[in-house]
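Peer 1: Read off the chains here:
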Amino acid sequence: MAASSDRNPPPFPSSEEPEAGLSDMADGDSDEGEDIFVNNSNPVAVSRGVSQPDGVNEEPPDLFSEEEASNPITKSNGVHSDDDNDLFAEAHVELSTDKSGNSSGKDLSSVSGPRTTSSFNQSPASMQPTSLEQLEEEEAKDSFDVDVAVTNPEKVGDGMNAYMAYKVSTRSSLPMFRSKTFSVRRRFSDFLGLYEKLSVKQSLHGCIVPPPPEKSVVGMTKVKVGMDDPSSVEFVERRRAALERYIQRVVSHPSLLQDPDVREFLERDDLPRAVNTQALSGAGFLKMINKASDAVNKMTIKMNESDTWFEDKFQEVENEEQQLRKLHALVDSLVNHRKELCGNTAVFAKSMAMLGNSEDNTALSRALSQLAEVEDKMEQLHQEQAASDFFIFAELLADYIRLLGAVRGCFDQRMRAWQRWQEAQSTLQKKREAEAKLLWANKPEKLQQAKEEITEWEARVTQYERDFDRIGMTVRKEVLRFEKEKAKDFKSQIIKYLEAMLQSQQRLIKFWEAFLPEAKAIA
Amino acid sequence: MRSVSVDLNNDASLLIDIPDALCERDKVKFTVHTKTTLSTFQKPEFSVPRQHEDFIWLHDTLVETEDYAGLIIPPAPPKPDFESPREKMHKLGEGEATMTKEEYAKMKQELEAEYLAVFKKTVQVHEIFLQRLSSHPMLSKDRNFQIFLEYDQDLSVRRKNAKEMFGGFFKNMVKSADEVLISGIKEVDDFFEQEKTFLLDYYSKIKDSTAKAEKMTRSHKNIADDYIHISATLNSISADDSTKVEGRVASDQELKLTELLRYYMRDIQAAKDLLYRRARALADYENSNKALDKARLKSKDIPQAEEHQQQCLHKFDKLSESGKRELTGFKGRRVVAFRKNLIEMAELEIKHAKVSNIMTGSHAERYSYFGTWSGDIYFN
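Listed in order, the protein sequences are those of chains C and L.
Counted from 1, the first sequence has number 167 at position 134 by the numbering used here; the numbering is strictly sequential.
Counted from 1, the second sequence has number 204 at position 183 by the numbering used here; the numbering is strictly sequential.
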């Protein structure tokens, strides 16, 4: 993968465009404008100030020196038990909020809401020398005060109509929510439904919408039927953890957090049931992405990239996905072998105990029994290590394989936007040719119509071009943000994994140190 | 590496070791080196090349020797088995194209280590066999043993002759009939009654434990291999080192625990063989009693029958006496060996865990200092 310094900054749209764009947006779909520019404005305007374009560097300490929030997304993923009292002890999204020291500015720390949109429409323009580095630093300023946790899986109903309901608890000081802490009950299809809604939104095109965990017919059937065996328990825990990570990723995304569907998901007591989730069954998500990719690949007109950033990045993403898949398969194998080791160790421990019983030398007999106990403890250690392997390592990889699929999806969306633009251009061309022909044929009514159509298509071309540029910008920003998050995520998970290993090793040492005197006592 | 039995090479009058060995395809050639102060040998120090089959010949001739019927003959060393690493090497060669250079190199390294471990193990086992003999008051004086140590020509001619002479008859009988015979005979002596019960029970338990220990260490090896593949893909330091530690833990446990169990399983079989021989002698004695009674009834051939009976009794008594000595010694030996091995195993576990603990700790520390600028370090 190329280092970030290799990237060329995107050709930034000219300064008047965002305004025009904004008013266009405002005309067409106020939702869109709100989503895009509120997102932009959050980090930027907080410190830069609305009414003072020259106040860009007014608060350097705030903007550039404030340290990144310390807690990356940590996952309470079944390794530690959920403590109902402090639900948020382990589930944290970004913590710090920027406090602007602007004396004359509004209270900018209260973020978002439709009313702030118009006051920030200057900001992109005032962002003039916005290099990629500054874009990156803006991302660093993303700060949200939202904690979400998914807990308490409970079976509702009986038989094949039964389902698991999960408690989704939110704690936030953001004004857009009705209260500071609240919780709702949601089922798996609700999560899928949320994804469904988000993924079709035009306004979110170019955004990396986190994909939900996959459906599993086998797993769920066992749960429905009421089997209480350890594998069902593990299945439910795995799903709960995956849903939690999913929703945490959603709320940590600045645009998505603003989305009314997300808010509804978190707040509304009775959510209408999502019905169109069949497409997302099993490996459905990735299948969907791949189908879309194929459609794009079949495009006859190849896009002429003015800058290679997109091509290079796409290649990187594909490579990385390959690597992760390979790694995931290996970690899966590791988990299985460790589970085997557990089984074999348990069996061996029993055998040792029997041997100890047979042994007629008392001290040796006791030592062998002790050895059997140590091996029993080792089995437990292996069990925990296997859980750690799985929940920390394997699930991380699985998540990112799906996320990379989503990233690829964004690139495809951009391509399709480009396609639409090109098609509009060629249609416009045809209309113009038709007009020319009509001029010669001298048919005034048809000419008028042709002129109207041309105007319409000119507008469309402009619109689609702007869409394309906008998506391009979004994709860039999203990818940057994604890479940051990914690095943080991996780092924190690997550290967690190593720490679990450390603990396990220390306990191992204790067990054998306790055994040693027994062995020495043999006479 | 005298890890399995107690220190055997103590008596300076006859010191034996296998300082090196060659592996040619299937065959392993051991160099048996002897240092002695005994006048029965021609030279004070000498070395001869020997194959595995020579060891088997020596073992079998000892077993077939009547005079040693009352002794526990040290179990024959098992045939060198390079099947597992060889198969893996083969698979590795086939899969070379699908791996990165680094992964291949690492796997190759692991395999070579495994090969080496098997090699060391087989040398050790053959060495211990000889040392058991040299430290036994009676067996060390055996003529064939001396020939084995000294004869600088190829032993294969002798081996063929021996096969023709004995035909492995006795050995085969022992293998198939001992359980029945031993449990069938009514025991007159408390000591042997107890020993019989104990050994039969212990044997089945230790056989079970050996099998389970082998499975466990195989799982460990699988995990070590997984870590190699993972680290190759991940290219991260911590996974690298844990590979070595996991691999080493697996091979150390293999050497210590599994080998201990395996060895004593075989030794107990040898002890059972002794019991069998004694049981047979007892049966012979009982039969000779019956024959004597019959002869007395018929008043025919009484002196022969009497003599035969006396011989059987004498043989049985001799066996019982030496058997008791052997079995008591065996008990003590076993306890000491277990003690030594268990201590060494525990110490090794602690040592390795501490080492890997330090390494894991330092890696965790290093990772926590990595900035959030890139996840690229993980993927190359």
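In short, the hints are calculated from the structure, not lab data.
As the structure is a computational prediction, the values presented were derived from the model and not from experiment.
Beta carbons: idealized from backbone N, C-alpha and C, even for Gly.
Check each hint, because a few of them may be wrong.
[Claimed, not checked] Label pairs and their calculated CB-CB ranges: (1) L:A126 <-> C:D178: 23 to 33 Å; (2) C:S366 <-> L:A126: 19 to 29 Å; (3) C:A492 <-> L:G116: 28 to 38 Å; (4) C:T395 <-> L:I379: 29 to 39 Å.
[Stated by the list, open to error] Calculated lysine-lysine pairs in the DSS-like style (CA-CA distance at most 30 Å, straight line): (5) C:K383 <-> L:K372; (6) L:K48 <-> C:K553; (7) C:K372 <-> L:K64; (8) C:K410 <-> L:K339.
[As the list claims (entries may be wrong)] So the derived list for chain C, only partly shown, Cβ under 7 Å to chain L, looks like this: (9) F215; (10) M253; (11) I434; (12) L480; (13) A552.
Peer 1: Evaluate each hint against the coordinates.
Peer 2: Hint check results:
1. L:A126 <-> C:D178: 23 to 33 Å: violated (50 Å)
2. C:S366 <-> L:A126: 19 to 29 Å: holds (20 Å)
3. C:A492 <-> L:G116: 28 to 38 Å: violated (60 Å)
4. C:T395 <-> L:I379: 29 to 39 Å: holds (38 Å)
5. C:K383 <-> L:K372: holds (26 Å)
6. L:K48 <-> C:K553: Distance of about 40 Å is beyond 30 Å: violated.
7. C:K372 <-> L:K64: Given that 30 Å is the threshold and the Cα spacing comes to 58 Å, the pair is violated.
8. C:K410 <-> L:K339: violated (49 Å)
9. F215: Violated - the Cβ of F215 of chain C stays beyond 7 Å from chain L, reaching only about 31 Å at its closest.
10. M253: violated (30 Å)
11. I434: Violated, because the Cβ-Cβ distance from I434 of chain C to chain L comes to roughly 13 Å (cut-off 7 Å).
12. L480: With Cβ-Cβ at 60 Å, over 7 Å, it is violated.
13. A552: holds (4 Å)
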